[in-house]
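Asker: Residue numbers (our numbering), protein chains in the order written: chain A, 1 to 297; chain B, 298 to 434.
Wrong hints could be hidden among the right ones.
Chain A is faced by these chain B residues, among others (derived, beta-carbon under 7 Å) [said to hold, decoys possible]:
id	residue
1	Phe304
2	Lys305
3	Lys319
4	Ser323
5	Ala326
6	Glu331
7	Ala332
8	Pro334
9	Arg337
10	Arg344
11	Val345
Because the hints were derived from the structure by calculation, they are not lab data. Note that beta-carbon positions come from the ideal geometry of N, C-alpha and C, so glycine has one too.
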Amino acid sequence: MNSPTPAIQIENLTYAYGRAEAVHDLSLTVEAGRCYGLFGRNGAGKTTTMKCLLNLLRPQRGQVHVFGLDPAKHEVDVKRLLSYVPDQVAFYPWMRVRETLDYLASFRANWNRKIEQELFERFQLDPAQRTGNLSKGQRTQVALIAAVCPETDLLVLDEPTSGLDPIVRREFIEAVIGAYQQGVPGKRTILVSTHLITEFEGLIDEFTLIDRGRAVLTLDADQARERYQKIRARFAQSPPELDLKTALRVRRDGRELELIVNGAGADLLERLRQHNPEALTTEALTLEEIFVATLKS
Amino acid sequence: MLILISFKSGTPIYLQIVEQVKAAASSGALQPGEALPSIRPLAEELRVNRNTVAKAYSELENQGVIETLPGRGCFLKENHSGLRKEVRRKLLIEEVDRAIVQAHHLQVPRDEFIELIQERLDVLDDKRRAHEDHKED
Numbered sequence: 001m002n003s004p005t006p007a008i009q010i011e012n013l014t015y016a017y018g019r020a021e022a023v024h025d026l027s028l029t030v031e032a033g034r035c036y037g038l039f040g041r042n043g044a045g046k047t048t049t050m051k052c053l054l055n056l057l058r059p060q061r062g063q064v065h066v067f068g069l070d071p072a073k074h075e076v077d078v079k080r081l082l083s084y085v086p087d088q089v090a091f092y093p094w095m096r097v098r099e100t101l102d103y104l105a106s107f108r109a110n111w112n113r114k115i116e117q118e119l120f121e122r123f124q125l126d127p128a129q130r131t132g133n134l135s136k137g138q139r140t141q142v143a144l145i146a147a148v149c150p151e152t153d154l155l156v157l158d159e160p161t162s163g164l165d166p167i168v169r170r171e172f173i174e175a176v177i178g179a180y181q182q183g184v185p186g187k188r189t190i191l192v193s194t195h196l197i198t199e200f201e202g203l204i205d206e207f208t209l210i211d212r213g214r215a216v217l218t219l220d221a222d223q224a225r226e227r228y229q230k231i232r233a234r235f236a237q238s239p240p241e242l243d244l245k246t247a248l249r250v251r252r253d254g255r256e257l258e259l260i261v262n263g264a265g266a267d268l269l270e271r272l273r274q275h276n277p278e279a280l281t282t283e284a285l286t287l288e289e290i291f292v293a294t295l296k297s
Numbered sequence: 298m299l300i301l302i303s304f305k306s307g308t309p310i311y312l313q314i315v316e317q318v319k320a321a322a323s324s325g326a327l328q329p330g331e332a333l334p335s336i337r338p339l340a341e342e343l344r345v346n347r348n349t350v351a352k353a354y355s356e357l358e359n360q361g362v363i364e365t366l367p368g369r370g371c372f373l374k375e376n377h378s379g380l381r382k383e384v385r386r387k388l389l390i391e392e393v394d395r396a397i398v399q400a401h402h403l404q405v406p407r408d409e410f411i412e413l414i415q416e417r418l419d420v421l422d423d424k425r426r427a428h429e430d431h432k433e434d
């Protein structure tokens, strides 16, 4: 089933623009068939990392491999295996949508016309329109069609939905699920960088949170939602004095207490219970809340 | 059958799907022989990874709840778990124990707990009857 070679392997990657270090000693592994999220704020180093995978930048230290290949040495082979949607999509503005896709298809060994047709209908694009007259959302849609139709093993999405309206964003993600993931299970790998985490939440299997070029947290998405919890307790009188050092964040408001915990939930819940709270609830943190809690603590 | 998932429940998404299909089957909202939604439209609708839905369906198949007919899709099976009776009992005991522990912490005494179970079984029976009446109409 899964080939033992990871789709992406990044080891101790460092890259600096002049003296400004964008990525520092970053390591991560994306297994084939997974959907991997690269989360971080603007300027965290997400795009720089992706450019190293595409050989648009050369790592200054460390190594990157795509399906075991070094993009600098095997650029053509690597580009054959992946497709890419950048955050700023640029086409030749004088070309029509139809011509643009034909032009892009001419670089590819394989182009699924059926999927192309299906996505055209879904997005309601006009093939005769010049790409220079498309809206930002439509340009991204054309870029997604161009990325999905070659049916590559790896799809790299760099902030694909930022600046798009909510409907277009939803359609984008549904198209990724419906059209791209249609292939052989275990063979369609996705790497997506975003700070709009909520929309991709259901798609993400595993993620790395990067901040100022460094990996802060790497976790399986299900495990993350299990470990990170928000506990709310309300007491009849003011909350008891408890040792809450294991909590990531503590908020108090009158008789209420709100804690954000990472893995230490069971112990804290038990201790809160011993003080007979009027109400005690827990809920999992969404990936976006984990992002905020981790970067603010 | 409408499936709703929550990222705040702390339960893995594939398990939420498994539990909801099982709940729909026991309440009669999903009848034996009835088709489950195909993986692709369900994944798109819930906006979750297709592998997650596929994992849920294979888990349901392993548990003997649904069967996959190649080229036709997934269907709810007649109520026949392939597991031996002791094994089925053991699986249920784990769930019951969990509820008992919870009852203790919520200070629900024994009689009230048993009464509650009766009540919930009645609710489920009512739902099932409602679905059957609906089917006969």
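Asker: Can Ala326(B) be said to touch chain A, with a Cβ gap under 7 Å?
Answerer: Violated, about 23 Å.
Asker: With a cut-off of 7 Å on the beta carbons, see whether Arg337(B) makes it to chain A.
Answerer: holds, 6 Å
Asker: Is the interface hint satisfied for Lys319(B)? The criterion is a beta-carbon contact with chain A at less than 7 Å.
Answerer: violated, 19 Å
Asker: Hint validation: Pro334(B) versus chain A, beta carbon distance must be below 7 Å. Holds or violated?
Answerer: violated, 13 Å
Asker: Using Cβ atoms only, decide whether Phe304(B) comes closer than 7 Å to chain A, and label the hint accordingly.
Answerer: holds, 5 Å
Asker: With 7 Å as the cut and Cβ atoms as the points, is Ser323(B) at the interface with chain A?
Answerer: Given a least distance of 25 Å, the restraint on Ser323(B) is violated.
Asker: Using the nearest Cβ pair, does Arg344(B) come within less than 7 Å of chain A?
Answerer: Holds - the Cβ of Arg344(B) comes within 7 Å of chain A, reaching about 5 Å at its closest.
Asker: Under 7 Å is the threshold here; is the Cβ of Ala332(B) close enough to any Cβ of chain A for the hint to stand?
Answerer: violated, 19 Å
Asker: Can we keep the Lys305(B) interface hint, with Cβ of chain A closer than 7 Å?
Answerer: holds, 5 Å
Asker: Given Glu331(B) as an interface hint, is the shortest Cβ-Cβ distance to chain A below 7 Å?
Answerer: Hint on Glu331(B): violated, closest Cβ of chain A at ~24 Å, above 7 Å.
Asker: Restraint: Val345(B) near chain A, CB-CB cut 7 Å. Satisfied or not?
Answerer: For Val345(B), the interface hint holds, since the closest Cβ of chain A sits about 3 Å away, which is under 7 Å.
Of the numbered hints stated above, those contradicted by the structure are hints 3, 4, 5, 6, 7, 8, listed in ascending order.
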